[in-house]
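Chemist: Sequence:
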Amino acid sequence: MKKYAFNELTVFQYIYLIHGAQVGIGVLSMPRELAEVAGTDGWLSILIGWFAAMAVSLVIIGIMKRYPGKTIVDLQPLFLGKWLGKVCVAGIAVYCGFASFTVMANTAAIVNTWILSQTPIYMVVILLAIPAYMVLQGGLRVLGRYAELIFYLTLWMPIVLVTVLPKTNWLYLLPVFKEGWWPILAGTKSTVLSFLGFELAFFLYLFCRKSSMQSLVSLWPIRCPC
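In the working numbering, the protein residues as written are 185 to 410.
Each statement offered as a hint is correct.
In the DSSO-like style, the derived pairs of lysine-lysine whose C-alpha atoms are separated by at most 30 Å in a straight line are:
(1) 254 x 266
(2) 270 x 249
(3) 270 x 254
(4) 266 x 249
(5) 362 x 373
(6) 351 x 362
(7) 270 x 373
Now the in silico label distances, taken between C-beta atoms and shown as ranges:
(8) 290 x 317: 13 to 23 Å
(9) 387 x 286: 14 to 24 Å
(10) 342 x 303: 26 to 36 Å
(11) 285 x 359: 37 to 47 Å
For the record, the hints were derived by calculation from the structure and aren't laboratory data. No residue lacks a Cβ here, since even glycine has one placed at the ideal position from N, Cα and C.
Construct the entire structure; sequences and hints are all you get.
Modeler: Next comes the structure, spelled out in structure tokens:
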């Protein structure tokens with residue numbers, strides 16, 4: 185019996201889990217934060233953050249190819265030794281916990297501000313925590329199915345955004361570098377939370393269903409690390 189058979193993910197569930205981790209946290213708040221820091225040059229901050237995220241993603245893929253069958257937890261003791269590796273693994277655990285807390289806090293704040301403004305914030309957190317706990321109880325496979333369902337349910341959102349393109353005035357993106365490079369670089373920090381998420385590949389790719397991944401790789405020229 186395969187070690188991860190119970191929690192196997194299809195390639196699309198693997199993609200949707202990473203997609204949800206990247207897009208979900210800042211899809212509503214990032215435009216406002218960029219406008220406050222970088223003004224009309226905020227789109228340049230997005231491009232810089234995207235290039236940085238892509239560079240880190242390529243490094244992750246390279247490590248996964250070089251050390252197949254190992255997660256980041258397995259690699260830390262290999263690179264840094266037993267004790268320092270454990271310290272780094274503990275740091276990763278703290279990071280994941282902090283990221284989860286940030287997502288929950290931002291979600292609760294948005295729901296409390298925009299939808300349930302008369303409801304105490306702690307009640308919103310409880311209402312969010314109960315279904316989250318129920319999904320997590322089902323294991324990684326159920327979480328992957330949930331991510332896939334949410335992706336399909338939100339496909340209408342890009343269509344709504346595209347409908348306003350004919351009324352877009354591209355002159356609002358000018359002038360470029362209005363305040364110099366510093367506001368653009370400062371705004372890039374606001375994109376970090378929205379671009380984080382691909383590091384989940386370090387943990388999830390071991391659960392990818394081999395046959396599903398291989399069928400996708402046969403259509404794609406880049407060799408898959410799975």
